[in-house]
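Take these sequences, add in the hints, and give me the full structure.
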Amino acid sequence: ILNVEQSPQSLHVQEGDSTNFTCSFPSSNFYALHWYRWETAKSPEALFVMTLNGDEKKKGRISATLNTKEGYSYLYIKGSQPEDSATYLCAPDLNTGTASKLTFGTGTRLQVTL
Amino acid sequence: DGGITQSPKYLFRKEGQNVTLSCEQNLNHDAMYWYRQDPGQGLRLIYYSQIVNDFQKGDIAEGYSVSREKKESFPLTVTSAQKNPTAFYLCASSPPGSGRAREQFFGPGTRLTVL
Numbered sequence: 003i004l005n006v007e008q009s010p011q012s013l014h015v016q017e018g019d020s021t022n023f024t025c026s027f028p029s030s031n032f033y034a035l036h037w038y039r040w041e042t043a044k045s046p047e048a049l050f051v052m053t054l055n056g057d058e059k060k061k062g063r064i065s066a067t068l069n070t071k072e073g074y075s076y077l078y079i080k081g082s083q084p085e086d087s088a089t090y091l092c093a094p095d096l097n098t099g100t101a102s103k104l105t106f107g108t109g110t111r112l113q114v115t116l
Numbered sequence: 612d613g614g615i616t617q618s619p620k621y622l623f624r625k626e627g628q629n630v631t632l633s634c635e636q637n638l639n640h641d642a643m644y645w646y647r648q649d650p651g652q653g654l655r656l657i658y659y660s661q662i663v664n665d666f667q668k669g670d671i672a673e674g675y676s677v678s679r680e681k682k683e684s685f686p687l688t689v690t691s692a693q694k695n696p697t698a699f700y701l702c703a704s705s706p707p708g709s710g711r712a713r714e715q716f717f718g719p720g721t722r723l724t725v726l
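Going line by line, the protein sequences match chains A and B. For what it's worth, the working numbering labels the leading residue of the first sequence as 3, then goes sequentially. For what it's worth, the working numbering labels the leading residue of the second sequence as 612, then goes sequentially.
If you are wondering where the hints come from, they were derived from the structure by calculation, not from laboratory data. Among these hints, one or two may not hold up.
[What the hints assert, rightly or not] Within a straight-line C-alpha distance of at most 20 angstroms, the following computed EDC-like cross-link-like pairs (lysine to aspartate or glutamate) qualify:
#  : chain 1 : residue 1 : chain 2 : residue 2
1  : A       : K61       : A       : E41
2  : A       : K103      : B       : D665
3  : A       : K60       : A       : E47
4  : A       : K44       : B       : E635
5  : A       : K44       : B       : E714
6  : B       : K620      : A       : E41
7  : A       : K80       : A       : E17
8  : A       : K61       : A       : E85
9  : A       : K61       : B       : E714
10 : A       : K103      : B       : D670
11 : A       : K60       : B       : E714
12 : A       : K44       : B       : D649
[Stated by the list, open to error] Coverage of chain A stretches by chain B, computed from C-beta distances (three or more under 8 angstroms per stretch; other residues unrestricted):
#  : region
13 : 26–36
14 : 105–113
[Unchecked claim] Some chain B residues near chain A, calculated using beta-carbon distances under 7 angstroms:
#  : residue
15 : G653
16 : L654
17 : Q661
18 : R711
19 : A712
20 : E714
21 : F717
22 : P719
This one's a predicted model, so the numbers in the text were calculated from it and none came from an experiment. Where a beta carbon is used, it is the ideal one built from N, C-alpha and C, also for glycine.
In structure tokens:
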């Protein structure tokens, strides 16, 4: 069983705070790293898919970095808003075969209050 | 509207009965996936299919079966052999294209309760 760890498990911040989460994963057999946002009562929604060591991606106030050699990724949210409240999932693709197979972490649950 | 539909949203079954969960997509995606979520755990892959008439076991396939007769449909059957079937089940698909670093699109999920 591949070990994908996300920290913290949960986070409570105030509107306007910036925050970041960590995803760590085995660095062997790495192909890609996915980040998803899962809001309550909705479906998980893709944020980023990253493949290259040192990759950095940005979508609005959210950005992510990737270190494949040491096996970690950071997700940053700048100036958190209540609508950012969700569970953030990371999922590396570590499959040795040709198909994409993701191993999900348990997520970081973010709550942003006014 | 393009998307992935799962039905029903809530499903109740008696222990020992097989039950089939529906997953349909009109996104023209080749690959489809079934995941299971339990409290305190990440999504775990049950089965996946890269093309029609082909599917592979995921990490927790025991007690489940699937079929992929049409591109749009990937039903999951939870058999009586599955020891702990009560869970939230998510279906996903990913678009065609070169390489495999493609995001997955998720359905709304089915919550199965076995009484």
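Going down the list of hints, with the structure as the test:
1. A:K61 / A:E41: Roughly 17 angstroms separates the two Cα atoms, so the pair holds.
2. A:K103 / B:D665: The given pair, whose Cα atoms are some 15 angstroms apart, holds under the 20 angstroms limit.
3. A:K60 / A:E47: holds (15 angstroms)
4. A:K44 / B:E635: Answer holds: K44 (chain A) to E635 (chain B) is near 17 angstroms, not above 20 angstroms.
5. A:K44 / B:E714: Measuring from Cα to Cα gives roughly 17 angstroms; hence the hint holds.
6. B:K620 / A:E41: holds (17 angstroms)
7. A:K80 / A:E17: Roughly 10 angstroms between the alpha carbons, so the hint for K80 (chain A) and E17 (chain A) holds.
8. A:K61 / A:E85: holds (15 angstroms)
9. A:K61 / B:E714: OK: K61 (chain A) and E714 (chain B) at ~15 angstroms, within 20 angstroms.
10. A:K103 / B:D670: holds (10 angstroms)
11. A:K60 / B:E714: holds (15 angstroms)
12. A:K44 / B:D649: It holds: about 17 angstroms lies between the C-alpha atoms, which stays within 20 angstroms.
13. 26–36: holds (count 3)
14. 105–113: Since three or more residues must qualify, the claim that chain B covers the region 105–113 of chain A holds, with 5 doing so at under 8 angstroms.
15. G653: Given a least distance of 4 angstroms, the restraint on G653 (chain B) holds.
16. L654: holds (4 angstroms)
17. Q661: OK, holds: Q661 (chain B) within 7 angstroms of chain A, min 6 angstroms.
18. R711: Interface hint status for R711 (chain B): holds (4 angstroms vs cutoff 7 angstroms).
19. A712: holds (4 angstroms)
20. E714: holds (4 angstroms)
21. F717: holds (4 angstroms)
22. P719: Hint holds; P719 (chain B) Cβ to chain A Cβ min 5 angstroms, cut 7 angstroms.
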